[in-house]
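Visitor: Sequence:
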Amino acid sequence: MAKSWTDMVNEAKSEVAGVLPAEAHQRLQDDQGALLIEVRDAESVPLQDRSPDVVMISLGSLPMRADLEIAERLRDPRLADRSRQVITT
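When you read off a place in the sequence shown, starting at 1, and then add 18, the result is the number in my numbering.
A few of these clues could be false.
To be verified - Quick list of simulated restraints, FRET-style, between CB atoms:
hint, residue 1, residue 2, range
1, Glu90, Gln44, 32 to 40 Å
2, Arg93, Met19, 27 to 35 Å
3, Ser62, Met26, 32 to 40 Å
4, Asp99, Glu29, 39 to 47 Å
5, Leu77, Glu41, 16 to 24 Å
6, Asp49, Ala89, 24 to 32 Å
7, Ala40, Glu90, 30 to 38 Å
8, Gly36, Pro81, 16 to 24 Å
9, Glu41, Asp94, 21 to 29 Å
10, Ala20, His43, 32 to 40 Å
11, Val73, Gln44, 16 to 24 Å
Simulated from the structure, these hints should not be mistaken for lab results.
The beta carbon of each residue, even a glycine, is placed where N, CA and C say it ideally should be.
Please construct the entire structure, taking both the sequences and the accompanying hints into account.
Guide: Structure below.
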C-alpha cells in the first residue's frame, strides 16, 4: 500500500529536526556556507518578507533540482554539496 501524504510528513518530521526562526537565523550567521531555501512559490512571498540571502526553489521542483542523477542543466549547483547545511522554510 502506498504511503499517504500524512504518513510521509510524519516520517520526515521524525527524521528531520525543525528549528524556530531565531535558531535558523543564528545557524545562518554561524555557518556562512549554509543555504536558506524558500520553498513557497515566489509569487506568494512578498519581496519585503524574504530574507536577503534566501534562494527561491519551489517545493515541487526541489527534489529535481537537488537530484545528482539528472542532467546538470536541470540541477541547482548550490545543492550538490551534501555536507552543506540547508534550511528550508
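Visitor: Take the hints in turn and mark each one as holding or not.
Guide: Hint-by-hint comparison with the structure:
{"no.": "1", "hint": "Glu90 to Gln44: 32 to 40 Å", "in the structure": "33 Å, holds"}
{"no.": "2", "hint": "Arg93 to Met19: 27 to 35 Å", "in the structure": "32 Å, holds"}
{"no.": "3", "hint": "Ser62 to Met26: 32 to 40 Å", "in the structure": "22 Å, violated"}
{"no.": "4", "hint": "Asp99 to Glu29: 39 to 47 Å", "in the structure": "25 Å, violated"}
{"no.": "5", "hint": "Leu77 to Glu41: 16 to 24 Å", "in the structure": "21 Å, holds"}
{"no.": "6", "hint": "Asp49 to Ala89: 24 to 32 Å", "in the structure": "30 Å, holds"}
{"no.": "7", "hint": "Ala40 to Glu90: 30 to 38 Å", "in the structure": "36 Å, holds"}
{"no.": "8", "hint": "Gly36 to Pro81: 16 to 24 Å", "in the structure": "19 Å, holds"}
{"no.": "9", "hint": "Glu41 to Asp94: 21 to 29 Å", "in the structure": "24 Å, holds"}
{"no.": "10", "hint": "Ala20 to His43: 32 to 40 Å", "in the structure": "37 Å, holds"}
{"no.": "11", "hint": "Val73 to Gln44: 16 to 24 Å", "in the structure": "19 Å, holds"}
Going down the numbered hints, you'll see the structure goes against 3 and 4, while the others check out.
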